[in-house]
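According to our numbering, the residues represented by the sequence shown are 10 to 328, in order.
Just so you know, the hints here were simulated from the structure itself, not pulled from any lab data. Every value quoted in this text rests on a predicted model; they were computed, and no experiment measured them. Worth double-checking, as some hints may not be accurate.
[Stated by the list, open to error] Listed below are the simulated SDA-like cross-link pairs for lysine to any residue, each with C-alpha atoms no more than 25 Å apart in a straight line: (1) 314 x 22; (2) 219 x 151; (3) 175 x 212; (4) 11 x 83.
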Amino acid sequence: MKYTELGLINTNELFADALNRHYAVPAFNIYNMETLDAVINAARIANSPVIIAVSESALKYMTSDMLIGMIRGAKITPDDKIALHLDHGRNFDICRHAIEIGFSSVMIDASQLSLNDNIATTKQVVEFAHKHNISVEAELGTLSGIEDEHTFGTISTYTNPDDVEKFVSATNIDSLAIAIGTSHGAYKRKHDDEELQFNILADIAIRIPKLPLVLHGASNIPQKLISTINEFGGKISGARGIDENQLRRATKMNICKINVDSDLRLAFTAAVRKSLHDTPENFNPRDFLSLARTAMTQTCIDEIKFIMGSDNKTNTSAE
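Throw the hints in and build the complete structure from the sequences for me.
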């Protein structure tokens, strides 16, 4: 299926405007109807472009047919400026599958391979994707932490700026995910004063000034959500996210896409735990899932406005 049949657009137009106006397009990970609805509602309320990110594990959980059915049911139009993106595709086959079922953007993550093998794998995906007008994101450097069974790592390796120009030139990618100190999961920092490696980001931005850059593992981990979860029976200790001031600073330095997954999981869990505690007699999932959807919608809106700076950007005319 062609993604245009679903009202989707690829990320090239989104990133061009973000690069020009110095904001980031949020990429929110989804894995069911409630998360999808929350992301789309938030984007429409805040007039923000948005990227619906789906990991390989989430695609397996939902199934391709169910996901595309939900996307079709959302009645997206090009004016919404929404892209459907494969997050952390491990190989050519999963990227090809995503393209064939209607994704408008894919990420090939061959960052665990050698530089030359990463280039070869990425180039193969790019050549196929560009024939279908699909945008391609790739990654240099590796992130530590755990997102799911396919996205995890025990060590973090910062992106080497010396590799960037060779990689971009050889692959013809549309955006590049870099490693400058973010990590997957809810435990991103040991101390509140830890900073991202802005010197690496600045070096990369100078070398490839026209290429959109991406931050993975960049959830803020709102402490109010952690507190709510723990108040109503949860046990999350020591979780720290990326400071919102640092994320905003990154958007001024060619970071055009910021990935968020854990924050929506936390909002979902906090709302469900509180609801089940407050109304222990209730066993109707529609009630607490509706509250979870509302909580995730508000989390998305807050991050669109106060971190991404992407609110009121669906009109791409210059400010």
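Going down the list of hints, with the structure as the test:
1. 314 x 22: At roughly 20 Å apart (the allowed maximum being 25 Å), residue 22 and residue 314 satisfy the hint.
2. 219 x 151: Roughly 23 Å between the alpha carbons, so the hint for residue 219 and residue 151 holds.
3. 175 x 212: 14 Å, holds
4. 11 x 83: 16 Å, holds
In the structure shown, no violation is registered for any of the earlier numbered hints.
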